[in-house]
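Engineer: As a plain string of letters, each chain reads:
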Amino acid sequence: MRHRMAAATLSLIGLLLSSYLTLHRLGVVGPIACGGSGSCDRVQLGPYGALFSIPVAAYGAAGYLALLVVALVGLQEPWAGRRAPTLWLAVISGVGVAFTIYLTYLELFVIHAVCTWCLASAGIIAGIFVASMIGVRGERRQGD
Amino acid sequence: MAAGRSLTPFYFALALIVVAGGVLISRSAGGRRGGLSLAPTATMPPTAGPRGVAMGSDSAPVEVAEYSDFECPYCARFAVLQLPDIEQRLVATGRVRWRFMHFPLEGHEKSPQAHLAAACANEQGQFWRMHDAIYQSQADWVASRRPERLLRDFAQRLGLDMGRYDSCVREQRAWTGVLADRRLGDSLGVGATPTMFINGHKLQDVPTFDELRHLVDSIAPPAGAAPAPGAPRR
Chain L
1 MRHRMAAATL SLIGLLLSSY LTLHRLGVVG PIACGGSGSC DRVQLGPYGA
51 LFSIPVAAYG AAGYLALLVV ALVGLQEPWA GRRAPTLWLA VISGVGVAFT
101 IYLTYLELFV IHAVCTWCLA SAGIIAGIFV ASMIGVRGER RQGD
Chain H
1 MAAGRSLTPF YFALALIVVA GGVLISRSAG GRRGGLSLAP TATMPPTAGP
51 RGVAMGSDSA PVEVAEYSDF ECPYCARFAV LQLPDIEQRL VATGRVRWRF
101 MHFPLEGHEK SPQAHLAAAC ANEQGQFWRM HDAIYQSQAD WVASRRPERL
151 LRDFAQRLGL DMGRYDSCVR EQRAWTGVLA DRRLGDSLGV GATPTMFING
201 HKLQDVPTFD ELRHLVDSIA PPAGAAPAPG APRR
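Heads up: the protein sequence lines correspond to chains L and H, in order. This note's numbering puts the first residue of the first sequence at 1, with every later residue one more than the last. This note's numbering puts the first residue of the second sequence at 1, with every later residue one more than the last.
Calculated directly from the structure, the hints in this document are not laboratory data.
Label-pair distances were calculated between CB atoms; the ranges are:
hint: 1; chain 1: H; residue 1: G189; chain 2: L; residue 2: P78; range: 57 to 63 Å
hint: 2; chain 1: H; residue 1: R183; chain 2: L; residue 2: L119; range: 30 to 36 Å
hint: 3; chain 1: H; residue 1: Q204; chain 2: L; residue 2: Y48; range: 28 to 34 Å
Residues on chain H that point at chain L, a partial pick, calculated with CB under 8 Å:
hint: 4; residue: L7
hint: 5; residue: F10
hint: 6; residue: L14
hint: 7; residue: I17
hint: 8; residue: V18
hint: 9; residue: G21
hint: 10; residue: I25
hint: 11; residue: P73
hint: 12; residue: G107
Using N, Cα and C, we set each Cβ at its ideal position, and we do this for glycine too.
The whole structure should be built from the sequences, with the hints applied where relevant.
Structural biologist: Spelled out as structure tokens, the structure:
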């Protein structure tokens, strides 16, 4: 259960963060604090900041929302005793980690700028993935 | 029920995170309280020199200098949603002189081309129409691999002398003025766009039309304000 609570907490933080980045990309919120480097604007507002005309951060927000829903449902009966929510958390966060690796590659080798907030999101999704993998292993042992 | 009780502190913690995050985002989105404030000291000399591009009457009691980047979406939002009202109700009535200051941000790779295009349009007295075209179509030219082509299209549609425009862009003739604005902004501590100065005082936030009007009213009361001759920009 703890891994689902950790996943829910991290997903909520990730959802708020990616919502903020989405609003920034759309110009709804003001200048982004980025340690004075301007790198966040460069990453966020450049051509790689959107995919199919939708801000990349919006995909992140959708992913975090899905993770949050799965984690919260997984805390309720009868799902609390089942393995499926943890497996879904592992799958969705695994996709998120892969996407994040690709985005970090773009930042480092294509855009040549690293966005602090994107790194924070990378840490969050990695944390959710680790929590869900710990849950998968723990539940497998319980099942044995 | 036991599970429900044990989860209560957890749900409470989640709610706290939501509230804290919501407050932070709404503040960034302009949910400020208490209105706009000016920096305590004047940071821009009122006689900064004829830099940037101004619209409005020279005798307007209030001058707003806007440091803006053409690739910045927040600047585009301001230019499209707020500036038309400001122009019509504050600039055209002779109460405000609006001065655009070039501030291409580092990292905005296509921004210099847009600033150069606008500065070249300014050579032919068409800065503001180019300014509007650039901001209204920001998503298009920023996403384009050859933004200079789209910018040239704008210039053509505005009826500019294209020979003169092309040579200005090729020789980067107007770039010195853009750089001068940028350097002045740097010296004034402009770190983000848009940043505005009202009669030399730095605004702490980006105003809406209503907020700006209140601020202008407080500096120069509107009583007896009549449309000033020579105010129109275009």
